[in-house]
Structures are given as C-alpha cells and as structure tokens.
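S.K.: Residues per chain are reported as follows:
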Amino acid sequence: MPNMDGLTMLQNIRADPALAKLPVLMVTAEAKKENIIAAAQAGANGYVVKPFTAATLDEKLNKIFEKLEKAGA
Amino acid sequence: MPEHKADQASHDEVLTRIGHMTRTLHDSLRGLGLDKLIEKAASDIPDARDRLDYVARLSEQAAKRVLDATDAAGPLQDGIETRSAELSAAWQALLATPGGADWRALAARTVASLDEARAAAVATRAQLMDIMMAQDFQDLTGQVIGRITGIAQNLEKQLVQVLIDFAPAEIRRELDNGLLNGPQINPEGKTEVVADQGQVDDLLDSLGF
Numbered sequence: 141m142p143n144m145d146g147l148t149m150l151q152n153i154r155a156d157p158a159l160a161k162l163p164v165l166m167v168t169a170e171a172k173k174e175n176i177i178a179a180a181q182a183g184a185n186g187y188v189v190k191p192f193t194a195a196t197l198d199e200k201l202n203k204i205f206e207k208l209e210k211a212g213a
Numbered sequence: 202m203p204e205h206k207a208d209q210a211s212h213d214e215v216l217t218r219i220g221h222m223t224r225t226l227h228d229s230l231r232g233l234g235l236d237k238l239i240e241k242a243a244s245d246i247p248d249a250r251d252r253l254d255y256v257a258r259l260s261e262q263a264a265k266r267v268l269d270a271t272d273a274a275g276p277l278q279d280g281i282e283t284r285s286a287e288l289s290a291a292w293q294a295l296l297a298t299p300g301g302a303d304w305r306a307l308a309a310r311t312v313a314s315l316d317e318a319r320a321a322a323v324a325t326r327a328q329l330m331d332i333m334m335a336q337d338f339q340d341l342t343g344q345v346i347g348r349i350t351g352i353a354q355n356l357e358k359q360l361v362q363v364l365i366d367f368a369p370a371e372i373r374r375e376l377d378n379g380l381l382n383g384p385q386i387n388p389e390g391k392t393e394v395v396a397d398q399g400q401v402d403d404l405l406d407s408l409g410f
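Protein chains in written order, with our numbering: chain A, 141 to 213; chain B, 202 to 410.
For the record, the hints were derived by calculation from the structure and aren't laboratory data.
Hints are all accurate, no fakes.
With a straight-line Cα cutoff of 25 Å, these simulated SDA-like cross-link-like pairs (lysine to any residue) come out:
id : chain 1 : residue 1 : chain 2 : residue 2
1  : B       : Lys391    : A       : Asp145
2  : A       : Lys190    : A       : Leu162
3  : A       : Lys210    : A       : Asp198
4  : A       : Lys207    : B       : Leu404
5  : A       : Lys203    : B       : Asp406
6  : A       : Lys172    : B       : Pro369
7  : A       : Lys173    : A       : Arg154
8  : A       : Lys203    : B       : Asp402
9  : A       : Lys172    : B       : Lys358
10 : B       : Lys206    : B       : Gly220
11 : B       : Lys265    : B       : Val345
12 : A       : Lys173    : B       : Gln400
13 : A       : Lys210    : B       : Leu405
14 : B       : Lys241    : B       : Asn355
15 : B       : Lys237    : B       : Val361
16 : A       : Lys210    : B       : Asp403
17 : A       : Lys203    : B       : Leu408
18 : A       : Lys207    : B       : Gln398
19 : A       : Lys207    : B       : Gly409
20 : B       : Lys391    : A       : Phe192
21 : A       : Lys172    : B       : Gln362
22 : A       : Lys210    : B       : Leu408
23 : B       : Lys391    : A       : Thr193
24 : B       : Lys358    : B       : Ala243
25 : B       : Lys391    : A       : Gln181
26 : A       : Lys161    : B       : Gly409
27 : A       : Lys210    : A       : Val167
28 : A       : Lys203    : B       : Gln400
29 : A       : Lys190    : B       : Gln400
30 : A       : Lys172    : B       : Thr392
31 : A       : Lys172    : A       : Met149
With the hints as constraints, model all of the structure from the sequences given.
M.R.: Rendered as structure tokens:
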C-alpha cells in the first residue's frame with residue numbers, strides 16, 4: 141500500500157477512538173510468523189495469506205461476523 | 202567580513218568530512234574484501250555473455266539441422282505417396298478389365314516401386330535420426346544456462362550484500378523485519394514463515410486469537 145504498511149494502518153485504526161471497533165481482516169502475502177503475531181496483537185480480526193480462495197475469504201468474513209454477533213448479544 | 206569567513210570555514214569543514222567519509226568507505230570496502238567480490242562479479246559478466254553466445258549458436262545449429270532433415274525427408278514421402286496412388290489405380294483398372302493380359306508388366310512396376318519405397322524409408326529413418334541427434338545441444342546448453350543462472354545469482358547476492366553492509370542501521374533493521382517480504386516462494390525448510398492459510402490459522406489458534 142502507498143503511504144503506510146497494513147500493520148501501521150491497523151495500529152492507527154485501533155488508536156483512533158472513532159474507528160477502534162472497526163473489524164479489520166488482513167489480506168496479505170506476508171507469511172513471516174512474527175508479523176502475523178504482530179498483526180494479531182495489534183488487534184486484527186482475521187488474517188488471510190495470499191494466494192487465497194473465495195472460500196477462505198468467505199469463511200474468515202463469516203467468522204468475524206459471528207464473533208461480532210456474539211459480542212453484541 | 203566575519204560572516205563570510207564563517208561560511209567559508211563551514212564549507213571547508215563539509216568538504217573535509219565528505220573526504221573522510223569517502224576514504225572510510227573505500228577502506229571499509231577493501232577491509233571487508235568487497236572490492237575483490239565486486240571485481241569478480243564484474244569479470245563474471247563477459248563470461249556470462251560468452252556462454253549465452255554459445256547457447257545461441259548451438260540452438261541455431263540444431264534448428265538448421267532439423268529444418269534441413271525435414272526438407273530432405275519431405276520429398277521422399279511425397280514420392281512414396283504419389284507412386285502408391287498410381288500403382289493402386291493401375292491395379293484397380295487391370296482388375297476391372299475382363300481377361301486383362303497386362304498384369305506381368307504392372308507386377309514388375311510394383312516390385313520396382315516397392316524397392317524405391319524401401320530405399321526412401323531407409324533415407325527417411327536417417328533424417329529422423331539426424332533430427333534426434335540435433336537435440337543433443339540441450340544437454341550442453343542446459344549446463345551452460347545453469348552456470349549463467351549461478352553467475353547472476355552470485356552477482357545479485359554480492360551487490361545486495363554491499364547494500365546491506367552499508368545501509369544505515371535504521372534501514373538495515375527494516376530490511377530484516379520489513380513487511381515487504383512478499384509471497385513465500387519456497388517456504389520448505391523455513392521455520393519463521395508459514396506455508397499456507399491452514400498454518401496461519403493454527404498459529405493464531407495456538408496463541409488464543
């Protein structure tokens with residue numbers, strides 16, 4: 141991405157009170173374990189590594205929505 | 202003009218420091234043996250060029266041999282086809298003629314034609330063999346190309362190493378830990394990267410995310 145990488149953007153989103161609750165699904169080619177963990181610790185709701193299939197994306201999105209509903213209920 | 206003097210002094214200071222930096226860089230390169238590496242990398246390039254010329258030459262020769270052999274074999278096959286059609290028509294005509302008296306002459310023609318066909322088949326087989334043998338270039342060019350790939354990799358490694366060694370500390374850290382590693386082309390045998398989505402999920406599950 142231009143201007144900043146995804147991890148920095150995620151950190152900025154979580155730091156902004158207006159956006160802090162926004163669900164974020166990381167979609168990336170980054171496969172280093174330390175960076176995956178860093179994203180999870182920074183508050184990513186999911187992590188999809190490229191190349192990915194439509195089924196994977198669907199599954200991850202549904203998982204996020206399920207968790208949101210549980211949290212809301 | 203004290204102000205002008207001060208300007209001049211700082212100007213000289215900058216030049217002196219750039220001079221020192223250049224000297225330090227030069228000495229470091231020599232000290233690390235990188236000047237030799239770069240020299241070697243540079244001398245590899247003409248070698249790679251010669252090898253590529255060799256590959257181009259062998260491929261061209263092979264292509265010519267194949268085309269020549271095909272050109273030579275084509276007319277032989279055409280001849281067999283034409284004569285076979287003629288004989289077939291003649292025999293059919295003879296068989297259709299009641300009490301046909303001419304069969305001896307036609308049989309002689311047929312025998313001659315079969316002999317010609319046999320000779321043509323032998324010649325064609327020789328051309329096919331030549332086409333096969335022309336592929337021997339692949340054995341050699343494959344090795345040469347492998348060698349050139351090695352040279353290119355080596356060159357890249359050496360240049361990247363120079364860049365990394367002389368990168369400012371801050372950038373060097375980013376090189377190691379950046380987010381632009383790109384897709385994992387060959388995750389086999391590496392423990393610090395994941396190979397697929399399943400491993401991502403397992404990793405995150407194991408950490409309770």
